[in-house]
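Peer 1: Chain residues, written in single-letter form:
Number of protein chains: 8
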Amino acid sequence: MLKKPLVGIIMGSDSDLPVMKEAAKVLEDFGIEYEMTIVSAHRTPERMFKYAKEAEERGIEVIVAGAGGAAHLPGMVASISNLPVIGVPVKTSSLNGLDSLLSIVQMPAGVPVATVAINNAKNAGILAAEILGVKYPEIRKKIAEYKERMKNEVEEKAKELEE
Amino acid sequence: MLKKPLVGIIMGSDSDLPVMKEAAKVLEDFGIEYEMTIVSAHRTPERMFKYAKEAEERGIEVIVAGAGGAAHLPGMVASISNLPVIGVPVKTSSLNGLDSLLSIVQMPAGVPVATVAINNAKNAGILAAEILGVKYPEIRKKIAEYKERMKNEVEEKAKELEE
Amino acid sequence: MLKKPLVGIIMGSDSDLPVMKEAAKVLEDFGIEYEMTIVSAHRTPERMFKYAKEAEERGIEVIVAGAGGAAHLPGMVASISNLPVIGVPVKTSSLNGLDSLLSIVQMPAGVPVATVAINNAKNAGILAAEILGVKYPEIRKKIAEYKERMKNEVEEKAKELEE
Amino acid sequence: MLKKPLVGIIMGSDSDLPVMKEAAKVLEDFGIEYEMTIVSAHRTPERMFKYAKEAEERGIEVIVAGAGGAAHLPGMVASISNLPVIGVPVKTSSLNGLDSLLSIVQMPAGVPVATVAINNAKNAGILAAEILGVKYPEIRKKIAEYKERMKNEVEEKAKELEE
Amino acid sequence: MLKKPLVGIIMGSDSDLPVMKEAAKVLEDFGIEYEMTIVSAHRTPERMFKYAKEAEERGIEVIVAGAGGAAHLPGMVASISNLPVIGVPVKTSSLNGLDSLLSIVQMPAGVPVATVAINNAKNAGILAAEILGVKYPEIRKKIAEYKERMKNEVEEKAKELEE
Amino acid sequence: MLKKPLVGIIMGSDSDLPVMKEAAKVLEDFGIEYEMTIVSAHRTPERMFKYAKEAEERGIEVIVAGAGGAAHLPGMVASISNLPVIGVPVKTSSLNGLDSLLSIVQMPAGVPVATVAINNAKNAGILAAEILGVKYPEIRKKIAEYKERMKNEVEEKAKELEE
Amino acid sequence: MLKKPLVGIIMGSDSDLPVMKEAAKVLEDFGIEYEMTIVSAHRTPERMFKYAKEAEERGIEVIVAGAGGAAHLPGMVASISNLPVIGVPVKTSSLNGLDSLLSIVQMPAGVPVATVAINNAKNAGILAAEILGVKYPEIRKKIAEYKERMKNEVEEKAKELEE
Amino acid sequence: MLKKPLVGIIMGSDSDLPVMKEAAKVLEDFGIEYEMTIVSAHRTPERMFKYAKEAEERGIEVIVAGAGGAAHLPGMVASISNLPVIGVPVKTSSLNGLDSLLSIVQMPAGVPVATVAINNAKNAGILAAEILGVKYPEIRKKIAEYKERMKNEVEEKAKELEE
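Protein sequences appear in the order of chains A, B, C, D, E, F, G and H. Start counting the first sequence at 1; every next residue gets the next number (my numbering). Start counting the second sequence at 164; every next residue gets the next number (my numbering). Start counting the third sequence at 327; every next residue gets the next number (my numbering). Start counting the fourth sequence at 490; every next residue gets the next number (my numbering). Start counting the fifth sequence at 653; every next residue gets the next number (my numbering). Start counting the sixth sequence at 816; every next residue gets the next number (my numbering). Start counting the seventh sequence at 979; every next residue gets the next number (my numbering). Start counting the eighth sequence at 1142; every next residue gets the next number (my numbering).
Calculated directly from the structure, the hints in this document are not laboratory data. This one's a predicted model, so the numbers in the text were calculated from it and none came from an experiment. Treat each hint with caution, since some may be false.
[Stated by the list, open to error] In silico BS3-like pairs for lysine-lysine, Cα to Cα no more than 25 Å straight-line:
1) 1069/G - 151/A
2) 787/E - 624/D
3) 1137/G - 677/E
4) 1028/G - 1194/H
5) 216/B - 477/C
6) 25/A - 3/A
7) 743/E - 1069/G
[Unchecked claim] Beta-carbon label-pair distances, calculated as ranges:
8) 324/B - 818/F: 56 to 62 Å
9) 180/B - 487/C: 41 to 47 Å
10) 15/A - 808/E: 34 to 40 Å
11) 376/C - 711/E: 43 to 49 Å
Even for Gly, the Cβ is constructed at its ideal location relative to N, Cα and C.
Model the full structure from these sequences, guided by the hints.
Peer 2: Here is the structure:
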């Protein structure tokens, strides 16, 4: 990871790491530089403010933010930054992530968060790549290859099942 | 409203005013000074930060915050201020306020929001009074009187129905 | 703050104890005296009545009440006492605490319960401290310190993750 | 069955009357004496206690209790009285009565409430009759006749539709 | 179990037995005769019809019916019999019994089912006893004693906790 | 309607007619004979039994059954008849048809109901046609034509919008 | 399995196999030829298109499609093919299959999916048999026998329990 | 609209137009070229395939897709195209758009849809602009200006309320 990161992966708590590292993994597979850290909207509001405020000028182009429960991190970062923000609703023990999902997706007019499925940080990574693919043709190409790989995998498994 | 306000009533949008003014009304009935303004976590994050940061030193003792949808205002203010924050989930057109409720009540450990029922800003006002009643015996007394009035009203209506 | 408890922690059943003791623990950390007992709205209605009726005169200033399912304890105590009542919805095996949450938070106008997240008795303890902080500056100060500690913990974990 | 009411119909608020009077109507149709009044668990807890405590000795044999939101009336009355208590979850404006339903039906072991459908006070009246039918053969007979009438009505409507 | 059973406990499948036997147990504690069998509305519709049709003349006075998922047994039996029918929504693996609850409680006007909490067959047994208590004073007395025992148990546990 | 009906459309109440007649309309469009009547599982259980028992020998090949709330009609008919049964969950005033949907779709193993969307009796009609299309090639052909018509309608509307 | 398959069982992922093979098993019990493979609407959209397009001409008469989460496979296949399509909502780890159920059942007017209960692929197999039974009397007969077997099993278990 | 469109706005039905035109409006405000048409996944699957397949080569850089109920359009387009796809869950009459939301957001790993709030096509437009802002600095600048305008509007309304 020598080059400047294009994607900032943040999460509200280190307990979200097992979920969120899937976003990192997929970006690595795509060869996209990223940074990953903990930024809690509730426990470190100033750190969150600073992160959201400075991400753009530090060269970050897409932010992936994961949080659970009353998940305010993605929405608050989206409100402060001009970058596209992808929200990952982290599954919770009591309401299974329905609370996280609604807290992230139901943003008021003016401040969107690009929300993916509950716990699906992998898709957040892919979506970040698709967004970067708008600008970087080589990333777009990698997405096409990734889709091809997925297709082949399914077809191989289909063959196995059919045999 | 000559004396310094003890309660700060804030809301995410002026569309929340018909709901939130019920909190103001009940505080007026109790003779408790309050201030009321619009502070949007998403559209004015810096104003929100400033409000939450300065409320305590300005003499505010309880904050009542109402918001709808991905309702981040109460939780963000609670994360920044040391004051007790009461959250009012405002009813939404699609999910009827279940989104607002979960976004406000499901706060992570460390940063509570004292959540009341959907659209029940009146109860937010009463709860603010109960909290102030811990410190001000005259407010505690007014709560007792209020409960007495409620009881009498029910009993009168019961009599009417029984007749 | 010599010996008389300021906070009364009650719960509907001894099975709620593993959840509710988190409220006690946080109050201990803050050096706030509390009492803790079992008061079932449904199995000991008279005991509940008596507890709610006498708490104020015994010097209790905030009540924390936890219950699950058709959770009536917080609301009933709030209806009888003039003290602020914090409700902790305890997670249930079938509906995961959604029943507890709605039974506690959806109180009618006139009788608020300051509801926290499902199973989040820790936040109930912190909220109790914030409410007492309105009256006791030394408790307010401890909340500020607690928030500082939380912030530092997150920042340390962030550093570890970034390394 | 001369004059003393056998069924006590109570409701948390006079706003529940349009719903609850359907229970009264069906009891009238069955010729069963009833009384109807307002008893709020939250606004008149002592009145509720007294009502539940004394209903049995006053000759009431079944209680029908309707309430909405954090609906504690049926459960609290069931906890105090030894009579069977039928709960009617009244529809609410925000959560459509799902809150009322869960607050009434999800009672803990030891204190059942015989819950009927949201807003279905008519069924509460019929259920009260079925319960009284265990003791009074003439009421049992009327239930059989009522079912016969229902059947005939459906069959007539079916004929109309088929023509 | 020499005398004629007063309560018929039926369930849709033998997999409901671990839940439903709690109803039997509480009836045994109260000394109330019962019978218990499997009657599936879906797999044995004629058996169900026959059971519901003949229960009354066989001397059954209350029916307790448990079922899960699209739980039609309680409602169908209630439609055929003139006896009060208590429904126990059995918890399901996918929707946790919310499907069972709604399938049982949301009966149309004319055919009530006295619904208890999800999996709470114990309460179904107690409710059956309360209903029989309308007719049999000795059962009413046992309910009063049961409530007293519950109260004492809570108070003992409260003492232990307070020590 | 001269020829013997192939589809039996039944509904629990005449209030379901505005919804259910859409099934009839689509069958008419396809030129498929049908019959339509009211059969209430709860208010006319014997009529329901008889209908389900005799439908097959009367020449009915598919049954479409609509019901709301604790909607037992489709499932009960499916349990008695060997014909494929299509269930239409009718929207309800309190729970918007979620209760109807779960009561119909969550059938236990052994007795399926082919469930369509809430209030979507039109789709029940189309599904009935698709099922009959397995046997009758001319109906299969009509479905293909219907799909073609739908496609053309969308494309025309698309053109209008694009202009 | 020498003859041409009448039922095509497809699933979105090989992780759905433990659920979906129950459909295969029941078809085997009924002696109905089937084929089973993996067709992902999202990862192999062209394969899905091809499968849906060609199923009819290959002699398939009913399609059973299982998928989880944003489950688009059944609906997309139903939109492309003129065959009846049975949808099996596969249980998901976060929302327990409620997402799968709504994604499958709530199809717009014009394109029905015959939806069965969450994870209930067995019922999908039985429903496929019932649909084929419209055309093939010998399959209809097997369904009648299956129902008879179910009935006997329940009655035997009932006897065991009663003893 | 002379220049080549960068954003493709598609919807499943012309009934979605009142919702979806908000996306168009916001893009117009930002001076971003777009095209808008109807593409139904269910009624015009081939048109959908073609649209998704060709959008990229036609110069579209972001797709906004709105649909209701079992909303498959956004997910299917995302599965076929390599472009970032934004999904707008359209509110439905029965389940208020919860079905649309879950059908769109709960996509399986590999195929993300950037989901916004129910009916919030405006936010879809803004998110499209934010994504394009990654590539086009002048669009990024407009987002910053838009956020500034939002802030000012709130502050003006706050002033009015405070006066």
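Peer 1: Does each hint hold? Answer for all of them.
Peer 2: The hints, checked one at a time:
For the given pair, residue 1069/G sits about 23 Å from residue 151/A by alpha-carbon distance, which is consistent with the 25 Å threshold. Distance hint between residue 787/E and residue 624/D is fulfilled; the C-alpha atoms sit about 5 Å from each other, no more than 25 Å. A distance of roughly 20 Å separates the Cα atoms of residue 1137/G and residue 677/E; the hinted pair therefore holds under the 25 Å criterion. At roughly 16 Å between alpha-carbon atoms, residue 1028/G and residue 1194/H fall within 25 Å of each other, so this suggested pair holds.
Between residue 216/B and residue 477/C, the direct Cα distance comes to roughly 16 Å. Compliance with the 25 Å bound is thereby established for this hinted pair. Taken as a hint, the residue 25/A and residue 3/A pair is honoured in the structure, with Cα atoms around 17 Å apart against an allowance of 25 Å. Distance hint between residue 743/E and residue 1069/G is fulfilled; the C-alpha atoms sit about 16 Å from each other, no more than 25 Å. For the hinted restraint 56 to 62 Å between residue 324/B and residue 818/F, the CB-CB distance of approximately 60 Å keeps it satisfied.
The supplied range of 41 to 47 Å is met by residue 180/B and residue 487/C, whose beta-carbon atoms lie about 43 Å from each other. Distance hint check: the CB atoms of residue 15/A and residue 808/E are about 38 Å apart, consistent with the given range 34 to 40 Å. Range check, residue 376/C to residue 711/E: Cβ separation about 44 Å, and the 43 to 49 Å hint holds.
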